[in-house]
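Engineer: In case you want the letters, here they are:
There are 2 protein chains.
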Amino acid sequence: MGKVYTPATAATGVEEVFKLLEGRWKLVILFHLFDGKLQRFSDLEKLIPGISQKMLAQQLRQLEADGIVARKLYPQVPPKVEYRLTDWGQAICPALDALLKWAEQRDELPKAD
Amino acid sequence: MGKVYTPATAATGVEEVFKLLEGRWKLVILFHLFDGKLQRFSDLEKLIPGISQKMLAQQLRQLEADGIVARKLYPQVPPKVEYRLTDWGQAICPALDALLKWAEQRDELPKAD
DNA sequence: CTGTATCCAGTTGGATACTG
DNA sequence: CAGTATCCAACTGGATACAG
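As they're listed, the protein sequences go chains R and Y.
Following full-length UniProt numbering, the numbering of the first sequence begins with 1 at its first residue and continues without gaps.
Following full-length UniProt numbering, the numbering of the second sequence begins with 1 at its first residue and continues without gaps.
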């Protein structure tokens, strides 16, 4: 609290977390995992129309590598994999809420001179 | 408040505002305009080392078209242009703060099982 | 000073086919 | 089921040159 950022450090800090969420599908994936929801790979494929296997796998790998999503493999045939948010992944909620709030203000606040 | 979003609508809502902030330089530009700061084109060029004229102009155009940044042209020779945040542009502050807070929790919260 | 136009390389993402 | 591999088209951003 009361922490002060210079434009440079604040921007790079925010930019860093933005990078973690970049890509066309990551946010959609995160929302489908909210509230501790578990989803299998095939569940996410069905829940996100238009996403390709390649992108789903790739984005999940990155989210996992960044510590936002956890992957649990059940060693059986055929294989079963479940994805969920890590604790840190859940912690992004307030930030996403704030962004939604900002989006809502778009029609309320003046945007011109 | 208490508004409930389905994964789909919430994701697209957040994704929409994310799109507005996408690009490698927009956040940096926004931070240099915080607190009602006025900046000329050449000021921003100096403040943001590494950015090209093309990108600075392009990102400013988009921020302006999206109602986040306002552009004021002084009709004189040589031309003078000042940029500042719109009211809605200023309103993004809390969201950016929340993202910074999330970034800070990265070392505090467990990221694995 | 404040841009626009052009060319070019690197990256991103989609379609398809294949694997343990 | 849960991926990987490959090819390819579209987009992004940098460098440079030019203009009002």
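A hint or two may mislead.
Copies of one chain are not kept apart here, so a pair can be met inside one copy or by any two copies together.
BS3-like, lysine-lysine: derived pairs with alpha carbons at most 25 Å apart [as the list claims (entries may be wrong)]:
| # | residue 1 | residue 2 |
| --- | --- | --- |
| 1 | K46 | K101 |
| 2 | K72 | K46 |
| 3 | K19 | K80 |
| 4 | K37 | K72 |
| 5 | K54 | K101 |
| 6 | K54 | K80 |
| 7 | K80 | K101 |
| 8 | K72 | K101 |
| 9 | K37 | K54 |
| 10 | K101 | K19 |
| 11 | K37 | K80 |
| 12 | K72 | K54 |
Everything labelled a hint here was simulated from the structure, so no lab data went into it.
Engineer: Give me the numbers of the hints this structure contradicts, sorted from smallest to largest.
Structural biologist: 1, 3, 5, 7, 8
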